[in-house]
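**Q** Sequences listed follow chains Z and E, in order.
Using the numbering used here, the letters of the first sequence map in sequence onto residues 1 to 114.
Using the numbering used here, the letters of the second sequence map in sequence onto residues 1 to 114.
The set of hints was computed from the structure by calculation and includes no laboratory data.
Nothing here was measured: the structure is a model prediction, and the numbers come from that model.
Positions of the beta carbon are idealized from the N, C-alpha and C atoms, including for glycine.
Check each hint, because a few of them may be wrong.
To be verified - Pairs of lysine-lysine residues, derived as DSS-like cross-links and limited to a Cα-Cα distance of at most 25 angstroms, are as follows:
| # | chain 1 | residue 1 | chain 2 | residue 2 |
| --- | --- | --- | --- | --- |
| 1 | E | 42 | Z | 22 |
| 2 | Z | 9 | E | 57 |
| 3 | E | 57 | Z | 97 |
| 4 | E | 69 | E | 57 |
| 5 | E | 78 | Z | 44 |
| 6 | Z | 40 | E | 42 |
| 7 | E | 42 | Z | 36 |
| 8 | E | 69 | Z | 71 |
| 9 | E | 42 | Z | 19 |
| 10 | Z | 40 | E | 69 |
As the list claims (entries may be wrong) - Listed next, with one range per pair, are the computed distances between beta-carbon atoms:
| # | chain 1 | residue 1 | chain 2 | residue 2 | range |
| --- | --- | --- | --- | --- | --- |
| 11 | Z | 52 | E | 39 | 29 to 37 angstroms |
| 12 | Z | 52 | E | 29 | 22 to 30 angstroms |
| 13 | E | 79 | Z | 65 | 34 to 42 angstroms |
| 14 | Z | 38 | E | 29 | 35 to 43 angstroms |
| 15 | Z | 8 | E | 39 | 32 to 40 angstroms |
| 16 | E | 111 | Z | 51 | 39 to 47 angstroms |
| 17 | E | 18 | Z | 53 | 18 to 26 angstroms |
| 18 | E | 29 | Z | 5 | 27 to 35 angstroms |
| 19 | E | 39 | Z | 40 | 16 to 24 angstroms |
| 20 | E | 3 | Z | 28 | 33 to 41 angstroms |
| 21 | E | 76 | Z | 17 | 21 to 29 angstroms |
| 22 | Z | 17 | E | 16 | 44 to 52 angstroms |
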Amino acid sequence: DTAVSQTPKYLVTQMGNDKSIKCEQNLGHDTMYWYKQDSKKFLKIMFSYNNKELIINETVPNRFSPKSPDKAHLNLHINSLELGDSAVYFCASSQDKGVGDTQYFGPGTRLTVL
Amino acid sequence: ILNVEQSPQSLHVQEGDSTNFTCSFPSSNFYALHWYRWETAKSPEALFVMTLNGDEKKKGRISATLNTKEGYSYLYIKGSQPEDSATYLCAPDLLRSNDYKLSFGAGTTVTVRA
């Protein structure tokens, strides 16, 4: 069983479109995250939810909107996609709010905006 | 801006040789340091988490040390094997904007040559 799964694995779309990436964890964790791997390969935190409540909201364009229907799922919706949104997006989860807790990562979603 | 620096960016090791590399981070506002191992086309996987100055952790042939006073950690690989080839990420939990968040370094990519 995959602990943290993301769909789709690859996403190719046109500029201006709206798309969603889904994440699910079956670890029973309370906290989930979205990271963006930038052009320099850094993993940068975008959002974090703890028990469906937003706890981290980094400086991210408001075209990005996370949604957590339950604590096992954290989806990422992106409106009006831009070329600069092309990146690999990683979902992760941890048992608690993250301080000192190990994070478990999904396989990543490679988004390409044409 | 919180600087997490890993050095070197990449290194090549002959099978059987030992190697080490560093992670430096701001020593103030520090809570914990995580090391992750990231193989190509896979997700980052947790290796260690350390919190106390002088902490040492070991997992098989891989070990890590922590100096919180001067803000650095070493990761050591003893008797490198081809399966050790991966990018090794360090990520300190640092206080930012009244909350602790993981800040990832860019990684050290290790290639073990048979």
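**Q** Hint by hint, note whether the structure agrees.
**A** Consistency of the hints with the structure:
Taking the CA atoms of residue 42 of chain E and residue 22 of chain Z, the gap is near 18 angstroms; set against the 25 angstroms cutoff, the hint holds. Between residue 9 of chain Z and residue 57 of chain E the CA atoms are separated by roughly 34 angstroms; this puts the pair beyond 25 angstroms, and the hint is violated. For the given pair, residue 57 of chain E sits about 23 angstroms from residue 97 of chain Z by alpha-carbon distance, which is consistent with the 25 angstroms threshold. For the hint linking residue 69 of chain E to residue 57 of chain E, the alpha-carbon distance of about 18 angstroms falls within 25 angstroms, and the restraint holds.
For the hint pairing residue 78 of chain E with residue 44 of chain Z, the CA-to-CA distance comes to about 30 angstroms; that exceeds 25 angstroms, so the pair is violated. Between residue 40 of chain Z and residue 42 of chain E the alpha-carbon distance is near 18 angstroms, which keeps this suggested pair within the 25 angstroms criterion. A hinted pair counts as satisfied when its Cα atoms are at most 25 angstroms apart, and residue 42 of chain E with residue 36 of chain Z qualifies at roughly 15 angstroms. For the hint pairing residue 69 of chain E with residue 71 of chain Z, the CA-to-CA distance comes to about 37 angstroms; that exceeds 25 angstroms, so the pair is violated.
At most 25 angstroms may separate the alpha-carbon atoms for a hinted pair to count; residue 42 of chain E and residue 19 of chain Z meet this at roughly 23 angstroms. With a C-alpha separation of about 28 angstroms, the suggested pair residue 40 of chain Z and residue 69 of chain E falls outside the 25 angstroms cut-off, and the hint is violated. About 32 angstroms separates the C-beta atoms of residue 52 of chain Z and residue 39 of chain E, a value consistent with the hinted range of 29 to 37 angstroms. At roughly 28 angstroms, the beta-carbon separation of residue 52 of chain Z and residue 29 of chain E lies within the given 22 to 30 angstroms, and the hint holds.
Residue 79 of chain E and residue 65 of chain Z have their C-beta atoms about 48 angstroms apart, which leaves the hinted 34 to 42 angstroms range violated. Between residue 38 of chain Z and residue 29 of chain E, the C-beta spacing of about 23 angstroms breaks the proposed range 35 to 43 angstroms. At about 21 angstroms, the CB distance of residue 8 of chain Z to residue 39 of chain E disagrees with the hint of 32 to 40 angstroms. Separation of residue 111 of chain E from residue 51 of chain Z is about 41 angstroms and conforms to the stated range, judged on CB atoms against 39 to 47 angstroms.
Distance hint for residue 18 of chain E and residue 53 of chain Z: a CB-CB separation of about 46 angstroms, inconsistent with the stated range 18 to 26 angstroms. For residue 29 of chain E and residue 5 of chain Z, the Cβ-Cβ distance of about 34 angstroms falls inside the hinted range of 27 to 35 angstroms, so the restraint holds. The given range of 16 to 24 angstroms is respected by residue 39 of chain E and residue 40 of chain Z, whose C-beta atoms sit roughly 20 angstroms from each other. Range check, residue 3 of chain E to residue 28 of chain Z: Cβ separation about 35 angstroms, and the 33 to 41 angstroms hint holds.
One distance hint, 21 to 29 angstroms for the beta-carbon pair residue 76 of chain E and residue 17 of chain Z, is violated here, with the actual separation near 47 angstroms. A beta carbon spacing of about 51 angstroms between residue 17 of chain Z and residue 16 of chain E agrees with the range 44 to 52 angstroms that was offered as a hint.
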